[in-house]
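Protein sequences appear in the order of chains R and P.
First residue of the first sequence: 14, per the numbering used here; consecutive thereafter.
First residue of the second sequence: 485, per the numbering used here; consecutive thereafter.
Incorrect hints may appear among the rest.
Unchecked claim - Calculated lysine-lysine pairs in the BS3-like style (CA-CA distance at most 25 Å, straight line):
#1 P:Lys543 x P:Lys582
#2 R:Lys68 x P:Lys582
#3 P:Lys535 x R:Lys77
#4 P:Lys535 x R:Lys54
#5 P:Lys592 x P:Lys535
#6 R:Lys27 x R:Lys68
#7 R:Lys79 x P:Lys582
#8 P:Lys520 x R:Lys68
#9 R:Lys33 x R:Lys77
#10 P:Lys592 x R:Lys33
#11 P:Lys554 x P:Lys540
#12 P:Lys592 x P:Lys540
#13 P:Lys535 x R:Lys79
It should be emphasised that the hints constitute simulated quantities derived from the structure, not laboratory data.
Listed below, chain by chain, are the residues.
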Amino acid sequence: GAVVSQHPSWVICKSGTSVKIECRSLDFQATTMFWYRQFPKQSLMLMATSNEGSKATYEQGVEKDKFLINHASLTLSTLTVTSAHPEDSSFYICSATGLGNTEAFFGQGTRLTVV
Amino acid sequence: GQQVMQIPQYQHVQEGEDFTTYCNSSTTLSNIQWYKQRPGGHPVFLIQLVKSGEVKKQKRLTFQFGEAKKNSSLHITATQTTDVGTYFCAGLSSGTYKYIFGTGTRLKVLA
């Protein structure tokens, strides 16, 4: 299957700082990218959907000013957690789909710890 | 909003026993996908079902989509220790473009 690379795989940051997570599709053009958050032993909660060149669509309850999503090209989407707090600590994971393809390919995930 | 529930939440089976997880959506689905997530890993796509009543098989795994397109099941025959992980269904509601993940079923296989 197609490859989606997510970076970094883990990050520890201080409270109040911002963290950027990158999600790249390596061998296909990702027309749509999805960002999820997963707490331990829980399901994946969709945070937002981004299409290349347009603003992301956020799910209800997700603060768009806190979780900034940019999908500047067909191979790259970024999620920036701004002014991180300990409650933002979680596993963040992206997935991508290509044009006309509904199968989603997931990145490896990023474990964020805010101290 | 749309909800996708899975039962059971956990299942421990002896190696060689069968296992089934059920997925139920509050809304009618266009299609449903199944994923497997190993501990510490990311979800890996298993299969997609589109047609009402569709049944697909992958070796020891059998996937079924309900006639009403609101539920689905995954059945594993003669489980192996390599089957350990959490199985998620993800449903795509009619008229939308985003998949909502089910609550997941965590499978543990005892050797």
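Tested hints:
Distance hint between Lys543 (chain P) and Lys582 (chain P) is unfulfilled; the C-alpha atoms sit about 29 Å from each other, more than 25 Å. Between Lys68 (chain R) and Lys582 (chain P) the CA atoms are separated by roughly 16 Å; this keeps the pair inside 25 Å, and the hint holds. This hinted pair does not check out: Lys535 (chain P) and Lys77 (chain R) have alpha carbons roughly 36 Å apart, beyond 25 Å. For the proposed pair Lys535 (chain P) and Lys54 (chain R), the alpha carbon gap of about 31 Å is over 25 Å, so the pair is violated.
Note on Lys592 (chain P) and Lys535 (chain P): the hinted pairing is violated, with a Cα-Cα distance of about 30 Å set against a maximum of 25 Å. Simply put, Lys27 (chain R) and Lys68 (chain R) have alpha-carbon atoms about 28 Å apart, too far for the 25 Å limit, and the pair is violated. At most 25 Å may separate the alpha-carbon atoms for a hinted pair to count; Lys79 (chain R) and Lys582 (chain P) meet this at roughly 22 Å. Between Lys520 (chain P) and Lys68 (chain R) the CA atoms are separated by roughly 30 Å; this puts the pair beyond 25 Å, and the hint is violated.
As the CA atoms of Lys33 (chain R) and Lys77 (chain R) are separated by approximately 14 Å, the hinted pair is consistent with the 25 Å bound. For a cut-off of 25 Å, the pair hint linking Lys592 (chain P) to Lys33 (chain R) is broken: about 35 Å separates their Cα positions. In summary, the hint linking Lys554 (chain P) to Lys540 (chain P) is supported, as the alpha carbons are separated by about 17 Å, within the 25 Å threshold. Only pairs whose Cα atoms come within 25 Å are accepted, and Lys592 (chain P) paired with Lys540 (chain P) is accepted, the gap being roughly 23 Å.
At most 25 Å may separate the alpha-carbon atoms for a hinted pair to count; Lys535 (chain P) and Lys79 (chain R) exceed this at roughly 39 Å.
In this structure, the earlier hints numbered 1, 3, 4, 5, 6, 8, 10, 13 are contradicted, and the remaining ones agree with it.
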